[in-house]
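Student: With chain D's structure known, arrange chain G on it following the hints.
Sequence lines, in order, name chains D and G.
Under this note's numbering, the residues of the first sequence are numbered 1 to 204, in order.
Under this note's numbering, the residues of the second sequence are numbered 1 to 204, in order.
Just so you know, these hints were derived from the structure itself, not from any lab.
Keep in mind that a hint or two might mislead.
[To be verified] With a Cα cut of at most 20 Å, we get these calculated DMTMM-like pairs of lysine to aspartate or glutamate:
#1 G:87 x D:48
#2 G:87 x D:98
#3 D:87 x G:98
#4 D:199 x G:98
#5 D:199 x G:204
#6 G:18 x G:170
#7 D:199 x G:130
#8 D:199 x G:167
#9 D:87 x G:170
#10 G:74 x G:48
#11 D:199 x D:145
#12 G:87 x D:170
#13 G:199 x D:98
#14 G:199 x D:170
#15 G:74 x G:145
#16 D:18 x D:61
#17 G:199 x D:167
#18 D:199 x G:163
#19 G:199 x D:48
[Said to hold, decoys possible] Derived list of chain D stretches under chain G, where covered just means 3 residues or more per stretch with a C-beta under 8 Å from a C-beta of chain G:
#20 9-22
#21 25-35
#22 65-79
#23 160-174
#24 196-203
[What the hints assert, rightly or not] Here are the in silico distance ranges between beta carbons for each label pair:
#25 G:84 x D:61: 40 to 48 Å
#26 D:87 x G:64: 26 to 34 Å
#27 D:108 x G:193: 29 to 37 Å
#28 D:128 x G:33: 56 to 64 Å
#29 G:203 x D:163: 17 to 25 Å
#30 G:153 x D:143: 52 to 60 Å
#31 D:10 x G:124: 35 to 43 Å
#32 G:193 x D:10: 33 to 41 Å
#33 D:203 x G:73: 46 to 54 Å
#34 D:193 x G:193: 25 to 33 Å
#35 G:157 x D:61: 33 to 41 Å
Here the structure is a predicted model, which is why all the values come from computation and not from measurement.
Ideal Cβ positions, reconstructed from N, Cα and C, are used throughout, including at glycine.
Protein chains: 2
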Amino acid sequence: MRFGVLGTGTVGRTIAGKLTELGHEVQVGSREADEDKVTFAEAASFGEVVVNATAGTASLEALNAAGAANLYGKVLIEVANPLDFSKGMPPTLSVCNDTSLAEQIQEAFAEAKVVKALNTVNAAVMVTPEVVPGSHTIFVAGNDDGAKAQVSELLQSFGWPAEDVMDLGDIAAARAMEMYLPLWLRLFGATGTPQVNIKVLAAE
Amino acid sequence: MRFGVLGTGTVGRTIAGKLTELGHEVQVGSREADEDKVTFAEAASFGEVVVNATAGTASLEALNAAGAANLYGKVLIEVANPLDFSKGMPPTLSVCNDTSLAEQIQEAFAEAKVVKALNTVNAAVMVTPEVVPGSHTIFVAGNDDGAKAQVSELLQSFGWPAEDVMDLGDIAAARAMEMYLPLWLRLFGATGTPQVNIKVLAAE
Chain D
1 MRFGVLGTGT
11 VGRTIAGKLT
21 ELGHEVQVGS
31 READEDKVTF
41 AEAASFGEVV
51 VNATAGTASL
61 EALNAAGAAN
71 LYGKVLIEVA
81 NPLDFSKGMP
91 PTLSVCNDTS
101 LAEQIQEAFA
111 EAKVVKALNT
121 VNAAVMVTPE
131 VVPGSHTIFV
141 AGNDDGAKAQ
151 VSELLQSFGW
161 PAEDVMDLGD
171 IAAARAMEMY
181 LPLWLRLFGA
191 TGTPQVNIKV
201 LAAE
Chain G
1 MRFGVLGTGT
11 VGRTIAGKLT
21 ELGHEVQVGS
31 READEDKVTF
41 AEAASFGEVV
51 VNATAGTASL
61 EALNAAGAAN
71 LYGKVLIEVA
81 NPLDFSKGMP
91 PTLSVCNDTS
101 LAEQIQEAFA
111 EAKVVKALNT
121 VNAAVMVTPE
131 VVPGSHTIFV
141 AGNDDGAKAQ
151 VSELLQSFGW
161 PAEDVMDLGD
171 IAAARAMEMY
181 LPLWLRLFGA
191 TGTPQVNIKV
201 LAAE
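Excised from the complex, chain D in its bound form (with noise of 0.2 Å):
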C-alpha cells in the first residue's frame, strides 16, 4: 500500500521506517522539499493513507499545506500531540478539555477519515510494542468504522496483538487520548523510561 507520512521528526521517520520494512511504498512529506523528501502535498497525494506525524501545534498548517483534495476520502492516521512548550516545562497542551486536536482536524478536512492513535506511546513502542515486557494497550478513535478497523490491521502488522488494540469510540475521545500526555511524561519521569505504557484491566 501507498503510504504518505507528514512530520521528518523522530515519530515520522519511526513510522516511515516500518512502513517501508514492512513492504509500503513510502513518501516522507516536509514543509520542504529536498533529495529525502517530498512537499506535503506530493506526500500527502501519493498515500492511499496518510500520517500526520508533525509536531502538534503546526498539523493544521501542514494538513493545510498537503490540501483538502489530497486528503479526501483518505484515511488520516492522527499521531500529533498538541504539545506547547513556549511556557517551559512540563509543556502544556495548546487544545484540550472542551476539543481536540485530532476533532479540529477533523472538522477542517470533513472528507478526510480521521482516525486518532499511536500518541500514547513513543516513537519506538509505537511500531515495537515488545520493547515494553508484557501485554499492554493502545488506542483508537474516530468516527469511521472501516478506517478503525484499517488501522488496527496496520497496528497489528506493527507488532500490536488485536486484543490489545482498544477502539475509544469516536473522534471526541481524542481528547482523552491527548490529554493522557500530562500523566505519559510524568510516567517517563516515574519509571525512568520512555519506553512505557498502561495495560487496561476491567472486572469481568
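Tutor: Chain G in isolation, oriented as in the chain D frame:
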C-alpha cells in the same frame, strides 16, 4: 487513627466505611450537620488526617468552610475530580492543563500536606482494588514525602500492594492525574464497567 472525611457522596461514604471497618475513628463532614454527620469544620478538626471527597467544583468552598486552622500541619488526602457537568456530557474539567484542583488547594492551604490520591478509580476500586483482576496501579502526588509515605501505607491497608502504588512526584503531578479523567470515562464506555483501571508497564 482519627479521620475527618469531607463529603457525603458515594466516594466519601465508601472511604468512611472502609476506614471504620479498619478500626479508625471517623467523622463525616457536610455543609449542614444532622444526626449522621457533622460540619466540614468539625470533621476537619476531629481528623488527624483529612480526606477531601467533595465534588471537585465545590472543594475549595468546602475546605474554606473546614477552615485553614483545622487543616494546619495535617495530611490532606485529595480525592476530588474537578468535573464540570454544566456543559453536558461528557463532563469537562473546571480546571486543567496549567494547574489542577490539588495545586489550587495546596496553594490556598499552604500549611496542609496535600496528597492527591485515588481520584483515578471509582469508589469501589478505591477500597477494594481486587475487584479489578490482576495487578494494577494507583498514583500518589504531593510535595511532602512523609505525607506520601503515610498515604501509601493507608492505600496498602485498603488492599493496594506496595509495588502498585506509584509516586508521580510533586503536587503538580496532580494535573496529570486529573487530566486522566476523560480517558477513564472512555475506558468505562469501552469496557462497560466502572471497575476499570490501568497497569503501568515499563521497559527494564
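Student: Run every hint past the structure and note whether it holds.
Tutor: So, going through the hints one by one against the coordinates:
1. For the suggested pair residue 87 of chain G and residue 48 of chain D, the alpha carbons sit about 38 Å apart, so the restraint of at most 20 Å is broken.
2. The hinted pair formed by residue 87 of chain G and residue 98 of chain D meets the criterion: a straight-line CA distance of about 9 Å does not exceed 20 Å.
3. Note on residue 87 of chain D and residue 98 of chain G: the hinted pairing holds, with a Cα-Cα distance of about 9 Å set against a maximum of 20 Å.
4. In summary, the hint linking residue 199 of chain D to residue 98 of chain G is not supported, as the alpha carbons are separated by about 27 Å, beyond the 20 Å threshold.
5. Between the alpha carbons of residue 199 of chain D and residue 204 of chain G the distance comes to roughly 16 Å, so the proposed pair stays at or under 20 Å and holds.
6. A C-alpha spacing of about 27 Å is found between residue 18 of chain G and residue 170 of chain G, which places the hinted pair above 20 Å, so the restraint is violated.
7. Taking the CA atoms of residue 199 of chain D and residue 130 of chain G, the gap is near 16 Å; set against the 20 Å cutoff, the hint holds.
8. Between residue 199 of chain D and residue 167 of chain G, the direct Cα distance comes to roughly 18 Å. Compliance with the 20 Å bound is thereby established for this hinted pair.
9. Straight-line distance between C-alpha atoms of residue 87 of chain D and residue 170 of chain G comes to about 19 Å, which keeps the hinted pair within the 20 Å bound.
10. With a CA separation close to 6 Å, the supplied pair residue 74 of chain G and residue 48 of chain G stays within the 20 Å bound.
11. Only pairs whose Cα atoms come within 20 Å are accepted, and residue 199 of chain D paired with residue 145 of chain D is rejected, the gap being roughly 23 Å.
12. Of the pairs offered as hints, the one joining residue 87 of chain G and residue 170 of chain D holds, with about 19 Å between alpha carbons and a cut-off of 20 Å not exceeded.
13. For the suggested pair residue 199 of chain G and residue 98 of chain D, the alpha carbons sit about 27 Å apart, so the restraint of at most 20 Å is broken.
14. At most 20 Å may separate the alpha-carbon atoms for a hinted pair to count; residue 199 of chain G and residue 170 of chain D exceed this at roughly 24 Å.
15. In summary, the hint linking residue 74 of chain G to residue 145 of chain G is supported, as the alpha carbons are separated by about 13 Å, within the 20 Å threshold.
16. Restraint check: the Cα-Cα separation between residue 18 of chain D and residue 61 of chain D comes to about 26 Å, which exceeds 20 Å; the hinted pair is violated.
17. In summary, the hint linking residue 199 of chain G to residue 167 of chain D is supported, as the alpha carbons are separated by about 18 Å, within the 20 Å threshold.
18. Among the hinted pairs, residue 199 of chain D with residue 163 of chain G is consistent with the structure: their alpha-carbon atoms are about 16 Å apart, no more than 20 Å.
19. The hinted pair formed by residue 199 of chain G and residue 48 of chain D fails the criterion: a straight-line CA distance of about 36 Å is larger than 20 Å.
20. A count of 0 residues in the segment 9-22 of chain D with a Cβ less than 8 Å from any Cβ of chain G is obtained; the coverage claim is therefore unmet, three being the minimum.
21. Residues of the segment 25-35 of chain D lying with their CB closer than 8 Å to a CB of chain G number 0, which falls below the three-residue condition for coverage.
22. Chain G is given as covering the segment 65-79 of chain D, and this is violated because 0 residues of the stretch bring a CB closer than 8 Å to a CB of that chain, at least three being needed.
23. With 6 residues having a Cβ less than 8 Å from any Cβ of chain G, the segment 160-174 of chain D passes the three-residue criterion, so the hint holds.
24. With 8 residues having a Cβ less than 8 Å from any Cβ of chain G, the segment 196-203 of chain D passes the three-residue criterion, so the hint holds.
25. Taken as a hint, the range 40 to 48 Å is violated for the pair residue 84 of chain G and residue 61 of chain D, whose Cβ atoms sit roughly 31 Å apart.
26. For the pair residue 87 of chain D and residue 64 of chain G, the beta carbons lie near 29 Å from each other, so the given range of 26 to 34 Å is met.
27. Between residue 108 of chain D and residue 193 of chain G the beta carbons are some 35 Å apart, a value that agrees with the proposed interval 29 to 37 Å.
28. Between residue 128 of chain D and residue 33 of chain G the C-beta distance comes to about 59 Å, which sits within the given range of 56 to 64 Å.
29. Between residue 203 of chain G and residue 163 of chain D the beta carbons are some 21 Å apart, a value that agrees with the proposed interval 17 to 25 Å.
30. The beta-carbon spacing between residue 153 of chain G and residue 143 of chain D, approximately 46 Å, falls outside the hinted interval of 52 to 60 Å.
31. Taking 35 to 43 Å as the suggested C-beta distance range, the pair residue 10 of chain D and residue 124 of chain G conforms, at roughly 41 Å.
32. At about 36 Å, the beta-carbon gap between residue 193 of chain G and residue 10 of chain D stays in the expected band of 33 to 41 Å.
33. For the pair residue 203 of chain D and residue 73 of chain G, the beta carbons lie near 39 Å from each other, so the given range of 46 to 54 Å is not met.
34. The hint said 25 to 33 Å for the Cβ distance between residue 193 of chain D and residue 193 of chain G, and at roughly 30 Å that hint holds.
35. As the Cβ distance of residue 157 of chain G to residue 61 of chain D is approximately 53 Å, the hint placing it in 33 to 41 Å is violated.
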